[in-house]
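K.L.:
Take a look at the letters that make up each chain.
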Amino acid sequence: MVELDLRARRGSFHLEIACKFAAPWTVVFGPSGAGKSTLLRLIAGLDHPDSGQIRLNGQSLTDTGADVRLAPGRRSTGLAAQQPALFPHLRVSANIAYGLAALHPSARHERIAAVLALAGASHLADRWPRDLSGGEAQRVALARSLAPMPRLLLLDEPLSALDAAARDQVLGQLHTWLAEHKIQTILVTHDAADALATGAEVAILREGKLAALGPASNVLAQERGRLLARLQNHP
Amino acid sequence: MNWIDWQAFALTLKLAAVTTAILLACAVPLAAWLVLSRSRLRPVVEALTGLPLILPPTVLGFYLLVLLGPRTGIGRAIAQVLGHPLAFSFAGLVVGSVLYSLPFAVQPLVAGFSAVDTALLDAARLLGAGPVRLVRTLLIPLAGRSLLTAAILSFLHTMGEFGVVLMLGGDIPGSTRTLSIVLYNQVESFDYAASNRTALVLLLLCLAALALVYARPRVLEGRSEGRNG
Numbered sequence: 001m002v003e004l005d006l007r008a009r010r011g012s013f014h015l016e017i018a019c020k021f022a023a024p025w026t027v028v029f030g031p032s033g034a035g036k037s038t039l040l041r042l043i044a045g046l047d048h049p050d051s052g053q054i055r056l057n058g059q060s061l062t063d064t065g066a067d068v069r070l071a072p073g074r075r076s077t078g079l080a081a082q083q084p085a086l087f088p089h090l091r092v093s094a095n096i097a098y099g100l101a102a103l104h105p106s107a108r109h110e111r112i113a114a115v116l117a118l119a120g121a122s123h124l125a126d127r128w129p130r131d132l133s134g135g136e137a138q139r140v141a142l143a144r145s146l147a148p149m150p151r152l153l154l155l156d157e158p159l160s161a162l163d164a165a166a167r168d169q170v171l172g173q174l175h176t177w178l179a180e181h182k183i184q185t186i187l188v189t190h191d192a193a194d195a196l197a198t199g200a201e202v203a204i205l206r207e208g209k210l211a212a213l214g215p216a217s218n219v220l221a222q223e224r225g226r227l228l229a230r231l232q233n234h235p
Numbered sequence: 001m002n003w004i005d006w007q008a009f010a011l012t013l014k015l016a017a018v019t020t021a022i023l024l025a026c027a028v029p030l031a032a033w034l035v036l037s038r039s040r041l042r043p044v045v046e047a048l049t050g051l052p053l054i055l056p057p058t059v060l061g062f063y064l065l066v067l068l069g070p071r072t073g074i075g076r077a078i079a080q081v082l083g084h085p086l087a088f089s090f091a092g093l094v095v096g097s098v099l100y101s102l103p104f105a106v107q108p109l110v111a112g113f114s115a116v117d118t119a120l121l122d123a124a125r126l127l128g129a130g131p132v133r134l135v136r137t138l139l140i141p142l143a144g145r146s147l148l149t150a151a152i153l154s155f156l157h158t159m160g161e162f163g164v165v166l167m168l169g170g171d172i173p174g175s176t177r178t179l180s181i182v183l184y185n186q187v188e189s190f191d192y193a194a195s196n197r198t199a200l201v202l203l204l205l206c207l208a209a210l211a212l213v214y215a216r217p218r219v220l221e222g223r224s225e226g227r228n229g
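Top line first, the protein sequences correspond to chains E and R.
One point on numbering: in the numbering used here, the residue at position 116 of the first sequence is 116, and numbering is uninterrupted.
One point on numbering: in the numbering used here, the residue at position 164 of the second sequence is 164, and numbering is uninterrupted.
Chain E with its partners taken away, still in its complex shape (with noise of 0.2 Å):
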């Protein structure tokens, strides 16, 4: 369960969230510029708050008042955003063994072969990330960020590259895999198809506030009511 209560000013921009995150996976949608990669950024330790507290399954990951501030890569958090970032000197499964360093080398081939052909990428393993397309890139960063087995993964519309289609079926496959593995998982998205797909809880973001928390069905039927509403007063 993630425990956010949180403010951030970025210039004009304020973000102030208090919720807690409690089911494996949770959709956060909103439209551009409300604050959701800032908001994964901040629980992912990439950026701090201002003021406030994140918590992981009860762990303290940033905690201002206590001055905690868990590096990134102790907060057994994984990241995969719509930039790829790919180590560009490094080959696909170097990339990949990249968080694997404490592994055994025989589990660490095994690892990176497993969570390639889970992002539908194994064909790629000796490939330079110069030579994938953006597709196979998103495909690696989300085999790369789910190899260290993270208990939270925070995704950032990472297969935003993909069609429609090749999306659904990562998605499919990713969401039956992360709850086998109890990996909770935290993914933004604007598109609300992504939210129905999986049948998460959806979480609204709307200008750095939470403007909605519950079940998919509930909360996407009251923002139809709202956009409506709206329609209808400014015809």
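Rather than coming from a laboratory, the hints here were simulated on the basis of the structure.
Note that the structure is a prediction, hence the values are computed from the model and not measured.
Heads up, some of the hints might be wrong.
[Unchecked claim] Simulated coverage check for chain R against chain E, where a stretch passes if three residues somewhere in it have a Cβ under 8 Å from a Cβ of chain E:
1) 114–121
2) 125–134
3) 137–145
Every residue, glycine too, gets a C-beta built ideally from N, C-alpha and C.
Once you've looked at the hints, dock chain R against the given chain E.
P.N.:
Chain R in isolation, oriented as in the chain E frame:
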């Protein structure tokens, strides 16, 4: 008659090589700290590192001469350990050269390390990399070009230094007399034929090394990331 002062020539190359090796060992962690750190001390350290760029070499040489001489505690302590004062010795020249050429090693590295995409550093941090691993596995491989530039600039700058050498090392053959000092002596004694030869050697060495900077292999450059589509 020697075509040039081979002893001074060898000493100059030795000084430049030792200084460059020490500089790279110090400059890589220093440049990485300047790029990765969020410390409030960073601007101060950056200013101190860049100071030799604008400080007259004779001023730096003078302060080092005073600091390393027998009138200070540091100078006396070093003399006790080495058995001789650091000033007017090859070791003293190395200390002076390292400080004098520090910005020529640090600044190309800072520029190279800063050019590494922060998204890559974030990804590595999330995968458990600490500062040392970031430097070893990302910054150095992706900024190899700047490492070569730093090495060559440090080498060349040390070879051509004059003020610091004269103030701190004097003119002791085989110990502190470098080619720049030899050239100065030759001009002072109106030996223009010898001056021309010494100057030509320094000129050709610098030109060859600079050509190496511009002809560096592309393989040292960071590879660009995948194509779109």
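K.L.:
For each hint, tell me whether it holds in the structure or not.
P.N.:
So, going through the hints one by one against the coordinates:
Counting residues of the segment 114–121 of chain R whose CB lies closer than 8 Å to any CB of chain E gives 3, which reaches the minimum of 3, so the coverage claim holds. Counting residues of the segment 125–134 of chain R whose beta carbon lies closer than 8 Å to any beta carbon of chain E gives 6, which reaches the threshold of three, so the coverage claim holds. As drawn, the segment 137–145 of chain R meets chain E at 4 residues by the rule of a beta-carbon pair under 8 Å; at three or more, the given contact holds.
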